[in-house]
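K.L.:
Construct the complete structure from the given sequences, taking the supplied hints into account.
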Amino acid sequence: MFFTTEEILETIRMVQTEHLDIRTITLGVNLLDCRRDRLEETVISISKRLKEVTRDFLDVVKKVELEYGIPIVNRRVAITPVSLLIQSEDIEEYLYLSKGLDKIAEEMGLDFIGGYTAFLEYEINKRGLAFIKAIPLILNETSRLCASIVVASTRGGINVDAIKEIAYIILDTARLKNNPISCAKLIVMSNPPPDNPFMAGAFQGIERGEKVLNVGISGPGTVRAALERLPKEANLIDVAEEIKRIAFKITRAGEFIGKEISKRLDIKFGSVDISLAPTPDEGDSVGKIIEKIGLEHIGAPGSTAVLFLINDAIKRGGLMASSSIGGLSGTFIPVSEDKSIAEAVSCGALTLEKLEALTNVCSVGLDMIPIPGDIDPYSLMGIILDEMAIGVMANKTTAVRILPVPGGKPGEWIELGGLLGKAPIINVNSFSCKGIFDRGGRIPPPVNSFRN
Amino acid sequence: MNRAIITVMGIDHTGIVAGISSVLATFGVNILDITQTIMGDMFVMIVLVDITNLDDLTALIERLLEEGKRLKVKVSLEREEIFRVMHRI
Chain U
1 MFFTTEEILE TIRMVQTEHL DIRTITLGVN LLDCRRDRLE ETVISISKRL KEVTRDFLDV
61 VKKVELEYGI PIVNRRVAIT PVSLLIQSED IEEYLYLSKG LDKIAEEMGL DFIGGYTAFL
121 EYEINKRGLA FIKAIPLILN ETSRLCASIV VASTRGGINV DAIKEIAYII LDTARLKNNP
181 ISCAKLIVMS NPPPDNPFMA GAFQGIERGE KVLNVGISGP GTVRAALERL PKEANLIDVA
241 EEIKRIAFKI TRAGEFIGKE ISKRLDIKFG SVDISLAPTP DEGDSVGKII EKIGLEHIGA
301 PGSTAVLFLI NDAIKRGGLM ASSSIGGLSG TFIPVSEDKS IAEAVSCGAL TLEKLEALTN
361 VCSVGLDMIP IPGDIDPYSL MGIILDEMAI GVMANKTTAV RILPVPGGKP GEWIELGGLL
421 GKAPIINVNS FSCKGIFDRG GRIPPPVNSF RN
Chain L
453 MNRAIITVMG IDHTGIVAGI SSVLATFGVN ILDITQTIMG DMFVMIVLVD ITNLDDLTAL
513 IERLLEEGKR LKVKVSLERE EIFRVMHRI
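Going down the list, the sequences are from chains U and L. Counting with our numbering, you get residues 1 to 452 for the letters of the first sequence. Counting with our numbering, you get residues 453 to 541 for the letters of the second sequence.
Calculated directly from the structure, the hints in this document are not laboratory data. Note that the coordinates shown come from a computational prediction; the quantities given were computed from them, not determined experimentally. Do not rely on the hints blindly, as some may be mistaken.
[To be verified] Under the rule of at most 20 Å between Cα atoms (straight-line distance), these lysine to aspartate or glutamate pairs were calculated in the DMTMM-like manner:
{"#": "1", "chain 1": "U", "residue 1": "Lys-103", "chain 2": "U", "residue 2": "Asp-172"}
{"#": "2", "chain 1": "L", "residue 1": "Lys-521", "chain 2": "U", "residue 2": "Glu-67"}
{"#": "3", "chain 1": "L", "residue 1": "Lys-526", "chain 2": "U", "residue 2": "Asp-59"}
{"#": "4", "chain 1": "U", "residue 1": "Lys-62", "chain 2": "L", "residue 2": "Glu-514"}
{"#": "5", "chain 1": "U", "residue 1": "Lys-354", "chain 2": "U", "residue 2": "Glu-343"}
{"#": "6", "chain 1": "U", "residue 1": "Lys-259", "chain 2": "L", "residue 2": "Glu-532"}
{"#": "7", "chain 1": "U", "residue 1": "Lys-63", "chain 2": "L", "residue 2": "Glu-518"}
{"#": "8", "chain 1": "U", "residue 1": "Lys-263", "chain 2": "U", "residue 2": "Glu-210"}
{"#": "9", "chain 1": "U", "residue 1": "Lys-126", "chain 2": "U", "residue 2": "Asp-102"}
{"#": "10", "chain 1": "U", "residue 1": "Lys-211", "chain 2": "U", "residue 2": "Asp-111"}
{"#": "11", "chain 1": "U", "residue 1": "Lys-244", "chain 2": "U", "residue 2": "Glu-233"}
{"#": "12", "chain 1": "U", "residue 1": "Lys-63", "chain 2": "L", "residue 2": "Glu-533"}
{"#": "13", "chain 1": "U", "residue 1": "Lys-62", "chain 2": "L", "residue 2": "Asp-507"}
{"#": "14", "chain 1": "U", "residue 1": "Lys-268", "chain 2": "U", "residue 2": "Asp-33"}
{"#": "15", "chain 1": "U", "residue 1": "Lys-63", "chain 2": "L", "residue 2": "Asp-507"}
{"#": "16", "chain 1": "L", "residue 1": "Lys-526", "chain 2": "U", "residue 2": "Glu-65"}
{"#": "17", "chain 1": "U", "residue 1": "Lys-211", "chain 2": "U", "residue 2": "Asp-59"}
{"#": "18", "chain 1": "U", "residue 1": "Lys-63", "chain 2": "L", "residue 2": "Asp-502"}
{"#": "19", "chain 1": "U", "residue 1": "Lys-263", "chain 2": "L", "residue 2": "Glu-533"}
{"#": "20", "chain 1": "U", "residue 1": "Lys-422", "chain 2": "U", "residue 2": "Asp-281"}
{"#": "21", "chain 1": "U", "residue 1": "Lys-62", "chain 2": "L", "residue 2": "Glu-518"}
{"#": "22", "chain 1": "U", "residue 1": "Lys-259", "chain 2": "L", "residue 2": "Glu-533"}
{"#": "23", "chain 1": "L", "residue 1": "Lys-526", "chain 2": "U", "residue 2": "Glu-10"}
{"#": "24", "chain 1": "U", "residue 1": "Lys-63", "chain 2": "L", "residue 2": "Glu-514"}
{"#": "25", "chain 1": "U", "residue 1": "Lys-62", "chain 2": "L", "residue 2": "Asp-508"}
{"#": "26", "chain 1": "U", "residue 1": "Lys-263", "chain 2": "U", "residue 2": "Asp-59"}
{"#": "27", "chain 1": "U", "residue 1": "Lys-99", "chain 2": "U", "residue 2": "Glu-89"}
[To be verified] Which residues of chain L face chain U? A partial, calculated answer using Cβ under 7 Å:
{"#": "28", "residue": "Asn-454"}
{"#": "29", "residue": "Met-494"}
{"#": "30", "residue": "Ile-498"}
{"#": "31", "residue": "Ile-513"}
{"#": "32", "residue": "Arg-515"}
{"#": "33", "residue": "Glu-530"}
{"#": "34", "residue": "Phe-535"}
{"#": "35", "residue": "Val-537"}
{"#": "36", "residue": "Met-538"}
From the three backbone atoms N, C-alpha and C, an ideal C-beta is built for every residue, glycine too.
P.N.:
Following this line, the structure appears as structure tokens:
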């Protein structure tokens with residue numbers, strides 16, 4: 001036998017009892033040459049292209065999943081940002097294209113299609129405004145299309161005027177049909193990676209070629225289980241080593257599966273994103289890993305340091321395992337999707353301000369957080385602005401995916417269903433920040449953006 | 453050569469090895485190596501098989517899962533490469 005019994009059983013255990021999975025296989029597809037003079041023809045052309053590219057996708061994924069025994073949870077497509085496909089001041093046109101994309105995704109059996117994306121960090125003109133004003137209707141009338149709006153970057157600074165507009169869009173999206181879940185498909189970002197396989201922020205960056213296969217691998221359960229097996233006296237170096245070791249193994253598995261699918265589909269392999277992405281399942285929680293390392297709840301003093309340790313160890317293991325590490329790679333802290341993070345909010349251990357601090361050292365940002373539906377729009381703008389400032393200054397991706405709950409009050413639990421989980425509505429600091437937005441304009445890029 | 457590793461786990465009883473190996477024989481799959489241990493009252497068997505000339509891997513996996521159900525043990529099959537990438541640099 002080429003492997004020891006322990007090695008074989010470790011792999012089997014990771015999959016069968018510790019929830020190791022490939023969270024997503026995401027095909028990135030360039031649609032720039034599908035643009036036509038008439039919108040109807042553009043949609044027909046896109047439909048043709050996507051059907052062609054995804055023809056064998058689901059079958060091959062299913063086969064590889066079976067042959068290698070590792071579950072693949074989502075099959076997705078990320079497309080060229082829609083803002084590059086049509087340039088229009090007419091909301092109806094964006095809605096028409098979006099419905100077309102959603103229909104294609106449904107017909108092809110995809111879980112999600114990402115790429116209703118616009119880059120507004122420099123300016124928001126009439127087309128950009130129409131693009132985002134279409135979002136409430138789009139997200140309420142489609143089910144698989146995800147939207148991401150970039151309002152800041154380290155190179156471009158922060159567009160405060162765009163943030164002002166997008167805050168109203170988030171509120172309108174939740175209020176249109178009294179459905180905060182629509183906002184789970186909308187993310188506001190700084191510095192988005194062009195190869196992110198995770199929703200809602202996935203799009204195919206124009207530098208990423210014609211078609212490319214990206215993999216998102218996850219496994220909070222495997223990390224937690226490994227930490228449970230460590231002796232009680234293991235110090236923090238031991239903890240970091242153990243996380244790194246597990247991250248290495250699961251990244252290697254993910255990269256291998258991705259490359260195998262890519263080979264069988266004859267589509268170039270892009271990158272592997274190793275992210276601890278929790279699910280509401282008890283054993284699949286990032287909050288629990290943090291508790292395991294030595295905190296009563298995530299949110300207690302020391303949480304930022306512990307999350308930094310985890311995030312960095314994940315990246316180290318991932319980078320050692322693969323030369324194609326990309327996407328977000330690190331640790332997600334989505335409140336509703338992680339039972340123990342939601343409970344930490346409920347018992348008062350974790351506040352919005354502490355979540356913001358944690359986003360300095362996690363891989364994304366303020367994620368899946370229910371807020372009161374009657375929030376002052378300026379407060380929502382301020383929350384987004386602060387999160388963007390962290391990303392711009394730290395030269396990393398940050399994002400806000402927040403769910404206003406119409407009629408909801410702080411402390412009330414909201415059930416989002418399925419993998420979106422449930423969470424209490426978080427309390428928002430109500431002191432005013434209106435003055436910044438009355439000034440408007442942009443915050444210039446930081447000194448550290450000039451690297452030439 | 454294409455190889456796969458079959459793992460069988462469950463409460464020990466007679467007929468497990470016979471059941472699994474007869475499925476493999478039906479499919480013309482050769483056993484290259486086999487190890488078996490008892491951990492507590494858990495029976496653990498690991499079988500390395502040659503699947504180079506196997507036409508329908510999916511059918512074999514489905515048949516093994518069925519046999520596992522009949523024998524009241526947990527059976528899984530993975531292609532060998534997944535273990536190599538995870539445990540060898």
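K.L.:
Take the hints in turn and mark each one as holding or not.
P.N.:
Here is what the structure says about each hint:
For the hint pairing Lys-103/U with Asp-172/U, the CA-to-CA distance comes to about 23 Å; that exceeds 20 Å, so the pair is violated. The hinted pair formed by Lys-521/L and Glu-67/U meets the criterion: a straight-line CA distance of about 19 Å does not exceed 20 Å. With a CA separation close to 25 Å, the supplied pair Lys-526/L and Asp-59/U exceeds the 20 Å bound. At most 20 Å may separate the alpha-carbon atoms for a hinted pair to count; Lys-62/U and Glu-514/L meet this at roughly 13 Å.
With a C-alpha separation of about 14 Å, the suggested pairing of Lys-354/U with Glu-343/U holds against the 20 Å cut-off. In summary, the hint linking Lys-259/U to Glu-532/L is supported, as the alpha carbons are separated by about 15 Å, within the 20 Å threshold. About 18 Å separates the Cα atoms of Lys-63/U and Glu-518/L, which keeps this hinted pair within 20 Å; it holds. This hinted pair checks out: Lys-263/U and Glu-210/U have alpha carbons roughly 16 Å apart, not beyond 20 Å.
Restraint check for Lys-126/U and Asp-102/U: not satisfied, since their Cα atoms lie roughly 25 Å apart, outside the 20 Å limit. Taking the CA atoms of Lys-211/U and Asp-111/U, the gap is near 18 Å; set against the 20 Å cutoff, the hint holds. As the CA atoms of Lys-244/U and Glu-233/U are separated by approximately 18 Å, the hinted pair is consistent with the 20 Å bound. Taking the CA atoms of Lys-63/U and Glu-533/L, the gap is near 15 Å; set against the 20 Å cutoff, the hint holds.
Annotation: proposed proximity of Lys-62/U to Asp-507/L holds, straight-line Cα distance about 17 Å (limit 20 Å). Taking the CA atoms of Lys-268/U and Asp-33/U, the gap is near 19 Å; set against the 20 Å cutoff, the hint holds. A distance of roughly 14 Å separates the Cα atoms of Lys-63/U and Asp-507/L; the hinted pair therefore holds under the 20 Å criterion. Taken as a hint, the Lys-526/L and Glu-65/U pair is honoured in the structure, with Cα atoms around 18 Å apart against an allowance of 20 Å.
Only pairs whose Cα atoms come within 20 Å are accepted, and Lys-211/U paired with Asp-59/U is accepted, the gap being roughly 18 Å. Restraint check for Lys-63/U and Asp-502/L: satisfied, since their Cα atoms lie roughly 19 Å apart, inside the 20 Å limit. For a cut-off of 20 Å, the pair hint linking Lys-263/U to Glu-533/L stands: about 15 Å separates their Cα positions. At roughly 11 Å between alpha-carbon atoms, Lys-422/U and Asp-281/U fall within 20 Å of each other, so this suggested pair holds.
For the hint linking Lys-62/U to Glu-518/L, the alpha-carbon distance of about 19 Å falls within 20 Å, and the restraint holds. Taking the CA atoms of Lys-259/U and Glu-533/L, the gap is about 12 Å. The hint holds against a cut of 20 Å. About 15 Å separates the Cα atoms of Lys-526/L and Glu-10/U, which keeps this hinted pair within 20 Å; it holds. In summary, the hint linking Lys-63/U to Glu-514/L is supported, as the alpha carbons are separated by about 12 Å, within the 20 Å threshold.
The straight-line distance between the Cα atoms of Lys-62/U and Asp-508/L is roughly 14 Å, inside the 20 Å bound, and the hint therefore holds. A hinted pair counts as satisfied when its Cα atoms are at most 20 Å apart, and Lys-263/U with Asp-59/U qualifies at roughly 14 Å. Under the criterion of a C-alpha separation no larger than 20 Å, the hint pairing Lys-99/U with Glu-89/U is consistent with the structure, at around 17 Å. Interface restraint check: Asn-454/L against chain U, minimum CB-CB distance 10 Å, threshold 7 Å, status violated.
Interface restraint check: Met-494/L against chain U, minimum CB-CB distance 10 Å, threshold 7 Å, status violated. For Ile-498/L, the suggested interface contact is upheld, since its CB lies about 5 Å from the closest CB of chain U, less than 7 Å. With 7 Å as the threshold, the beta carbon of Ile-513/L comes within range of chain U, its nearest partner Cβ sitting at about 6 Å, so the hint holds. Residue-level restraint check for Arg-515/L is violated (minimum Cβ-Cβ distance to chain U is 13 Å; threshold 7 Å).
For Glu-530/L, the shortest C-beta to C-beta distance to chain U is roughly 4 Å, which falls under 7 Å, so the interface hint holds. For Phe-535/L, the suggested interface contact is upheld, since its CB lies about 5 Å from the closest CB of chain U, less than 7 Å. The beta carbon of Val-537/L is positioned within 7 Å of a beta carbon in chain U (closest approach about 4 Å), and the interface hint is therefore held. The interface hint given for Met-538/L holds, since its Cβ lies 5 Å from the closest Cβ of chain U, which is under the 7 Å cut-off.
Hint violations for this structure: numbers 1, 3, 9, 28, 29 and 32, all remaining hints satisfied.
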